[in-house]
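Chemist: What follows is the residue order along each chain.
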Amino acid sequence: MLAFLARRLLATIPVLLIVAVLVFLMLRLTPGDPAAVLAGDAASPDQIAQIRTTLGLDRSIPEQFFIWFGHLLTGDLGQSYYYKTEVTTLIAQRLEPTLSLAVITITIAVLVAVPLGVLAAWRFGGWLDRALMAFSVLGFSVPVFVLAYVLIWLVSLKLGWLPVQGYKRFADGPGTWLYHLVLPALTLSVIYVALIARVTRASVLETLGEDYIRTARAKGLPENKVLLRHALANAAVPIATVIGIGIALLIGGVVVTESVYAIPGLGRLTVDAVLARDFPTIQGVILFFSFVYVLVNLLVDLSYVFFDPRIRY
Amino acid sequence: MNLTRRLLPTAALTAAALAALSLAPAALAQEKVLRVVPHSNLAVLDPIWTTAYMSRNHGYMIYDTLFGTDENGKVKPQMVESWSETPDKRLWTFKLRKGLEFHDGKPVTGEDVIASLQRWGKRDAMGSALMQFVQRMDTPAPDTFRIFLSEANGFMLEALGKPSSNVPFIMPKRIADTDPFKQIEEHIGSGPYVFKREEFKPGDKAVYTKFAKYVPRSEPPSGSTGGKRVYVDRVEWNLALRDAQAQVSALQKGEVDVIEALPFDHYETVKRDGSLQIPKYSNYGLQYMARFNHLHKPFDNPKVRQAVIAAFNQEAFLRAQVGVKDLYKACGSMFICGSPYGSLAGSDLQMKSNMKKAQDLLKASGYDGTPIVVMKPTDLASIQKLPDVAAQLLRQAGFKVDLQAMDWQTLVGRRAKKDAPEKGGWHMFLTAWQAFDVWSPIANPTTDTRGEKSTWFGWATDDKLAQVRNEFMRATDDAQKKKLADQMHARMFEIGTHATLGEYSQPMAARKNISGFFITNGNIYWNLKKD
Chain L
79 MLAFLARRLL ATIPVLLIVA VLVFLMLRLT PGDPAAVLAG DAASPDQIAQ IRTTLGLDRS
139 IPEQFFIWFG HLLTGDLGQS YYYKTEVTTL IAQRLEPTLS LAVITITIAV LVAVPLGVLA
199 AWRFGGWLDR ALMAFSVLGF SVPVFVLAYV LIWLVSLKLG WLPVQGYKRF ADGPGTWLYH
259 LVLPALTLSV IYVALIARVT RASVLETLGE DYIRTARAKG LPENKVLLRH ALANAAVPIA
319 TVIGIGIALL IGGVVVTESV YAIPGLGRLT VDAVLARDFP TIQGVILFFS FVYVLVNLLV
379 DLSYVFFDPR IRY
Chain U
741 MNLTRRLLPT AALTAAALAA LSLAPAALAQ EKVLRVVPHS NLAVLDPIWT TAYMSRNHGY
801 MIYDTLFGTD ENGKVKPQMV ESWSETPDKR LWTFKLRKGL EFHDGKPVTG EDVIASLQRW
861 GKRDAMGSAL MQFVQRMDTP APDTFRIFLS EANGFMLEAL GKPSSNVPFI MPKRIADTDP
921 FKQIEEHIGS GPYVFKREEF KPGDKAVYTK FAKYVPRSEP PSGSTGGKRV YVDRVEWNLA
981 LRDAQAQVSA LQKGEVDVIE ALPFDHYETV KRDGSLQIPK YSNYGLQYMA RFNHLHKPFD
1041 NPKVRQAVIA AFNQEAFLRA QVGVKDLYKA CGSMFICGSP YGSLAGSDLQ MKSNMKKAQD
1101 LLKASGYDGT PIVVMKPTDL ASIQKLPDVA AQLLRQAGFK VDLQAMDWQT LVGRRAKKDA
1161 PEKGGWHMFL TAWQAFDVWS PIANPTTDTR GEKSTWFGWA TDDKLAQVRN EFMRATDDAQ
1221 KKKLADQMHA RMFEIGTHAT LGEYSQPMAA RKNISGFFIT NGNIYWNLKK D
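Taken in order, these protein sequences are the chains called L and U.
Every position in the first sequence, counted from 1, becomes a number in our numbering once 78 is added.
Every position in the second sequence, counted from 1, becomes a number in our numbering once 740 is added.
Wrong hints could be hidden among the right ones.
Quick list of in silico lysine-lysine cross-link-like pairs, DSBU-like style, CA-CA up to 35 Å [to be verified]:
1. K1011(U) <-> K236(L)
2. K236(L) <-> K945(U)
3. K1193(U) <-> K162(L)
4. K1252(U) <-> K941(U)
5. K772(U) <-> K236(L)
6. K1011(U) <-> K162(L)
It is worth saying that the hints were derived from the structure and are not from the lab.
Construct all of the structure, not just a fragment, from the sequences and the given hints.
Modeler: Put into structure tokens, the structure is as follows:
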């Protein structure tokens, strides 16, 4: 197991290297000039040229790369052109809102979707199953911003239960923190409920046809134990995989939700950085996202051992 | 029925839980906080280093100015108490008001002023023009400063009272001594608000608190002049709330107090809502314009540019982009209708024109069918419909058009390129200016016609216009200045520096409990009361 862990962690290095080179090159090859953005609309070409020199953008691309890469090796992601703040500081500032939203969303999604999926499989073809399938289609089809506007109108404006927008830090109090996250998490969780419930249903449905389930029932085991201990436990691997992908996607930025609910998370930071051609920030967050993806995948792989004892590394 | 009975307690519990969760934020609301949604994100905190409007607005919060411009465009003293000039207008002496103090407790002195003006003069176009005349500056007393000119000019006060980017804000000398091409690190002014650097979260919020020691002038506020009285404890700029629909919802629910730039689509919704208002804050608004690249064919030919101007019916642009009749007007003045130098000289080409005339002008120009590269920003709602209208009108006039979609930042990068359009350059882009930025014949960037040396994109060349502009800078008599401004205006249409596309007001929205709005021509947050 330790050897597997070490191998996987070592494998992240070339992945991150490739990502670093690709992101750096893509940014330099796409149109747009950070200096022109910073200078403002009324700036003269001379002013823009001065800023390019200050930022080091007048150097050759290989020169720029080696300077950036040298700093990267020391753990320095550089300073944002746009905000004049260290990229690591920016990521740290934006991580809490994103993580908070991801954790609450995935918690809601798992708590709702897994039982629904199991029940739908158990009552395959029944009204609950059909309702879940219809909900899944709806959940996948309705754009997040439409759902967000509808929920804001209903829950915030008409019922007055929750705020329209904003984020409060956990340090400001868990109650306030949760109060501001419920609506965005509900909005986001719909698609994840649809996804996880469908995978759970399909996976449990498959296991329910296995011989050991028939044996368990023949032994007179209560149906809830058959479903939870035997069917769900054996169907857990694909469910864990899809939950893992969900977490990685949520941390990778949920731009629309963050924009509508004014949550200053990593998704919004990435979009702002792209629009402003803030190269150091884009490079930094993309590297961070790559690392998160690799890490989450590793954790998902490790979780298989827990769910299925036959799997060994 | 059973289901309802079972659901009722659950619903009650949910409501109670939500109510309990909401107690915490309610308890925090002790001090008077004005919550503003600005028109954009605040990134650069140095209003001299960049011309971005957000940085300018940030500057107005924390810095003060020597002079200001009132709602009618008249320059009035702000930090200055009195001033005098010698009969030959070559020596100007200014005395500062008593009680001016920076946020760090140090008094404002003439030395601070001189250092600030020097830095501004190296960045701003009008400042740079002024500095061409300045021989030296000195401070005969701590509260006095003098400006010695090599020859008289007619825009000393206009420059010092310049209301828009870059505004000559006054900073402490140690900060103003920063290299003008590097951003300042400290943000201390003598203005009505103190910037809370430790609470600033880029892309999230910016916080300003009332500067208790600020001594406002006694006159009522008007434009950037008059008493800057502060009636709230804090102003918070919500930089994270970018979604237009969510902004309006937050305003309706009372989570924010002011939206700086209400999208036109939401104008009627806000107007009908009894708890909201659309305060008037501007006499002049903004101007749309189409800028030609004078360096390359076919726009190196004035006749072709005239054909475009003749084709560009302002109503078509305004109806498509703004849509709300109350908020726009056609205007033939490149210097803003109704402004001090507002002129209609030569504007018949556009205002009394029609497509037939445009077609005739184009035929007479010898246009060779070169496709016109029009850059269209797809992510800037405030101007994104203009290029489509332009493309259609150009086609009707007989042009071939290559409408290229891109994001705004690609556009601003590309417009700085002097390369030929087929090699990554451009022919035309469309933009919007706040009235204050274009109403002065000196500050208006399109009046600079020194070819590739011009300070703005498009690089027009015209010695005659440059000559009249020089005369304007040196004219000291108001009637003479107006006459020269008219001459410049007529010449601008004659050579087709650009096409104006009409004027509009950008509505602001606020809750009804906010009062004290006045005509500012910008986004200024003093004099506002929250009940």
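Chemist: Determine for every hint whether it applies to the structure shown.
Modeler: Here is how each hint holds up against the structure:
1. For a cut-off of 35 Å, the pair hint linking K1011(U) to K236(L) stands: about 19 Å separates their Cα positions.
2. Of the pairs offered as hints, the one joining K236(L) and K945(U) holds, with about 27 Å between alpha carbons and a cut-off of 35 Å not exceeded.
3. For the proposed pair K1193(U) and K162(L), the alpha carbon gap of about 30 Å is at most 35 Å, so the pair holds.
4. At most 35 Å may separate the alpha-carbon atoms for a hinted pair to count; K1252(U) and K941(U) meet this at roughly 29 Å.
5. Of the supplied pair hints, the one linking K772(U) and K236(L) holds, its CA atoms being roughly 26 Å apart against a limit of 35 Å.
6. Our distance criterion of 35 Å between C-alpha atoms is broken by K1011(U) and K162(L), whose separation comes to about 40 Å.
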